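Chain residues, written in single-letter form:
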Amino acid sequence: MSIAVRNVVKKFGTFTALDNVSLDIPDGRLVALLGPSGSGKTTLLRIIAGLENADGGEVSFDGRDVSRRSARERRVGFVFQHYALFRHMTVFENVAFGLRVRSREVRPTKDAIRARVFELLDLIQLRNQAGRLPSQLSGGQRQRVALARALAVEPSVLLLDEPFGALDAKVRQELRRWLRQLHDEVGVTSVFVTHDQEEALEVADAVAVMNGGRIEQVGTPEEVYRRPVSSFVYNFLGNVNLFHGRIDAGTTRIDREATGHLVFVRPHDLEIARRPASSSSLHVTIEHINAAGPVVKVEATTEWGALVRVELPQQRFADLALTKGEKIFITPRDLAVFADGRRVS
Amino acid sequence: MVSALPATTPAAVSESPLVKRLLVGICIAFLGIFLLVPLGCVFAVALGHGIGAYLASFRGPDTLASIRLTLLASAIAVPCNLVFGVAAAWAIGKFEFFGKGLLISLVDLPFSISPVVAGLTYVLLFGSHGWFGGWLSAHNVQIIFAVPGIVLATIFVTFPFVARELLPMMTAQGNDEEEAALTLGANGWQTFLKVTLPNVKWALLYGVILCNARAMGEFGAVSVVSGHIRGLTNTMPLQIEVLYNDYLFVPAFAVASLLALLALATLVVKSAVEWRSAVLERGAS
Numbered sequence: 001m002s003i004a005v006r007n008v009v010k011k012f013g014t015f016t017a018l019d020n021v022s023l024d025i026p027d028g029r030l031v032a033l034l035g036p037s038g039s040g041k042t043t044l045l046r047i048i049a050g051l052e053n054a055d056g057g058e059v060s061f062d063g064r065d066v067s068r069r070s071a072r073e074r075r076v077g078f079v080f081q082h083y084a085l086f087r088h089m090t091v092f093e094n095v096a097f098g099l100r101v102r103s104r105e106v107r108p109t110k111d112a113i114r115a116r117v118f119e120l121l122d123l124i125q126l127r128n129q130a131g132r133l134p135s136q137l138s139g140g141q142r143q144r145v146a147l148a149r150a151l152a153v154e155p156s157v158l159l160l161d162e163p164f165g166a167l168d169a170k171v172r173q174e175l176r177r178w179l180r181q182l183h184d185e186v187g188v189t190s191v192f193v194t195h196d197q198e199e200a201l202e203v204a205d206a207v208a209v210m211n212g213g214r215i216e217q218v219g220t221p222e223e224v225y226r227r228p229v230s231s232f233v234y235n236f237l238g239n240v241n242l243f244h245g246r247i248d249a250g251t252t253r254i255d256r257e258a259t260g261h262l263v264f265v266r267p268h269d270l271e272i273a274r275r276p277a278s279s280s281s282l283h284v285t286i287e288h289i290n291a292a293g294p295v296v297k298v299e300a301t302t303e304w305g306a307l308v309r310v311e312l313p314q315q316r317f318a319d320l321a322l323t324k325g326e327k328i329f330i331t332p333r334d335l336a337v338f339a340d341g342r343r344v345s
Numbered sequence: 001m002v003s004a005l006p007a008t009t010p011a012a013v014s015e016s017p018l019v020k021r022l023l024v025g026i027c028i029a030f031l032g033i034f035l036l037v038p039l040g041c042v043f044a045v046a047l048g049h050g051i052g053a054y055l056a057s058f059r060g061p062d063t064l065a066s067i068r069l070t071l072l073a074s075a076i077a078v079p080c081n082l083v084f085g086v087a088a089a090w091a092i093g094k095f096e097f098f099g100k101g102l103l104i105s106l107v108d109l110p111f112s113i114s115p116v117v118a119g120l121t122y123v124l125l126f127g128s129h130g131w132f133g134g135w136l137s138a139h140n141v142q143i144i145f146a147v148p149g150i151v152l153a154t155i156f157v158t159f160p161f162v163a164r165e166l167l168p169m170m171t172a173q174g175n176d177e178e179e180a181a182l183t184l185g186a187n188g189w190q191t192f193l194k195v196t197l198p199n200v201k202w203a204l205l206y207g208v209i210l211c212n213a214r215a216m217g218e219f220g221a222v223s224v225v226s227g228h229i230r231g232l233t234n235t236m237p238l239q240i241e242v243l244y245n246d247y248l249f250v251p252a253f254a255v256a257s258l259l260a261l262l263a264l265a266t267l268v269v270k271s272a273v274e275w276r277s278a279v280l281e282r283g284a285s
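Quick mapping for you: the protein sequence lines, in order, are chains A and B. Per the working numbering, residue 1 is the first one in the first sequence, and the count goes up by one each step. Per the working numbering, residue 1 is the first one in the second sequence, and the count goes up by one each step.
The set of hints was computed from the structure by calculation and includes no laboratory data. As the structure is a prediction and not an experimental result, all values here were calculated from the model. C-beta: ideal position from N, C-alpha, C; glycine also. It is possible that part of the hints are untrue.
Unchecked claim - Capping the alpha-carbon separation at 27 Å, the derived lysine-lysine pairs in DSS-like fashion look like this:
(1) B:LYS94 x B:LYS194
(2) B:LYS194 x B:LYS270
(3) B:LYS94 x A:LYS11
(4) B:LYS194 x A:LYS110
To be verified - Pairwise CB distance ranges, derived in the manner of DEER restraints:
(5) B:PHE98 x A:THR16: 18 to 26 Å
(6) A:GLU198 x B:LEU18: 56 to 64 Å
(7) A:ALA166 x B:PRO198: 22 to 30 Å
(8) A:ASP55 x B:LEU31: 54 to 62 Å
(9) A:ARG104 x B:LEU106: 25 to 33 Å
(10) B:LEU193 x A:ASP27: 44 to 52 Å
(11) B:LYS20 x A:PHE118: 23 to 31 Å
(12) B:LEU259 x A:SER70: 44 to 52 Å
Based on the sequences and whatever the hints tell you, model everything.
Structural data, given as structure tokens:
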């Protein structure tokens, strides 16, 4: 089912959580709402679910306005950050809940409910934990039960609020991959909220980057990463070096005196060499080298004392044989120029 | 957890054995003088002339009537406050609304107001010279010096108990589970019965027990509105006073022992509830 959000506004007292937000989510997609805390992403998700009322604008599912419908009528599956499992019910009862509370005419038979629950428990690989209480499960298991419980009612859309936020790094990684697989199997339109750019870029079909109650950019992970439309998106989606600059006859120059233009360069987009490669090369001094990891991270300072981060492959690092305190040249291979937060080149 | 500490704690973080023993000793002496001795005294006097005299104390028609009246007043007051307490705790714990702070203070009011004052306000409202007195007597309804007044006074002094026990729990548990139930298609009533209520059932049970103990034991407010008509408007605490003033010590203390037993039962249930929630918590961590 497709979701359309049109001009949604939400205020909490004087704080504007959502400022005229519009977003289209096509049927069957897995979309990430990505942003720092306070950017409005969870509020937007809760408004889509009907757990929160918008002050203005509308939400529609498959073209039908559902703004006035309650969460109950919208038939959304919602997965909470802290699982929100019913603590006094077993795993089985948790997953069966949505089916058991249906009115008599549409409630499946006892056997059908049982079959459906075990089918879902197989899907989350927790069939043998059916009789346990949530308190007896690990965090990752609880989150999987929460997902199965949401899927049991065959929701029209699946909404996940920071689904892996409370889990440790290793489990997050596994569940991330698992969520992607699950989505490909079940195919239900899904939206998940995250503040982790890596998670969003890895799992989602499309990413909506939010900041200060607005959507800054929507696109495929590659689009938002490669062609960020604003300095915020550029900054949020990865490490970045920031310089003042100016544009001279079509070429960008880094100039610490310049005002108005900001030049962004990713650490891996800086070429490091013993000789200046072009007139835009900068002379820097190496302050620190961290060679542990897949790439070597070098910290250097410019002549005017600004810190620059450079990342280079292990092989290149070995060829150059860089040492601490050495003076070398860096040259941007790729850069982005922003004026007033908008991209100009 | 305390039991997980090593047997020998470093001296720097624990008091000397002498201080420890002194503190424990003071506690026990205090509890002994102010609680255990009086409690023992009640039973000693009640049973002083043998079990036969003890049992005979309950055969007096006035005493039996007072027991019946106390049971009736609690049987009405406790369910009323159960409903009110759950509703108030739910409203306060789960929703944000204007005047919430005021409502919390109002719930606590009976704790801070003298029961005698509470009783007097009912006399002023419903007594024959009170605000509604004229209207009530014109319609032949008697509230003061009758059972309705006793029930009203009992409800008033006991209404914070259930709400107060539930509130911290409902606030701590937040709304997540209710919201989850809602998105899964449960209506408000199903959410309340299947999600909210089971999560607070132990606190609720304890609140009801406390409420009941107070309802049966209330003296001040009931004394003002009752009128002390023997066999008609005397509750157990009032009957104890009447018997005592008539120098009928054995019957007075025998009835008092019933109330004391109620207190003991409350204590046992409270310990059981606390033990149970401790076990549940240990399971959760």
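Against the structure, the hints:
Of the supplied pair hints, the one linking LYS94 of chain B and LYS194 of chain B holds, its CA atoms being roughly 16 Å apart against a limit of 27 Å. In summary, the hint linking LYS194 of chain B to LYS270 of chain B is supported, as the alpha carbons are separated by about 24 Å, within the 27 Å threshold. Between LYS94 of chain B and LYS11 of chain A the alpha-carbon distance is near 20 Å, which keeps this suggested pair within the 27 Å criterion. Restraint check for LYS194 of chain B and LYS110 of chain A: satisfied, since their Cα atoms lie roughly 18 Å apart, inside the 27 Å limit.
Between PHE98 of chain B and THR16 of chain A the C-beta distance comes to about 22 Å, which sits within the given range of 18 to 26 Å. Between GLU198 of chain A and LEU18 of chain B the Cβ separation comes to about 60 Å, which falls inside the hinted range of 56 to 64 Å. ALA166 of chain A and PRO198 of chain B have their C-beta atoms about 24 Å apart, which keeps the hinted 22 to 30 Å range intact. At roughly 58 Å, the beta-carbon separation of ASP55 of chain A and LEU31 of chain B lies within the given 54 to 62 Å, and the hint holds.
At about 41 Å, the beta-carbon gap between ARG104 of chain A and LEU106 of chain B misses the expected band of 25 to 33 Å. For LEU193 of chain B and ASP27 of chain A, the Cβ-Cβ distance of about 36 Å falls outside the hinted range of 44 to 52 Å, so the restraint is violated. For the pair LYS20 of chain B and PHE118 of chain A, the supplied restraint of 23 to 31 Å is violated, since their beta-carbon distance comes to about 56 Å. Take LEU259 of chain B and SER70 of chain A: their Cβ atoms lie about 49 Å apart, and the range 44 to 52 Å holds.
Hints 9, 10, 11 from the list above are not met by this structure, while the remaining hints are.
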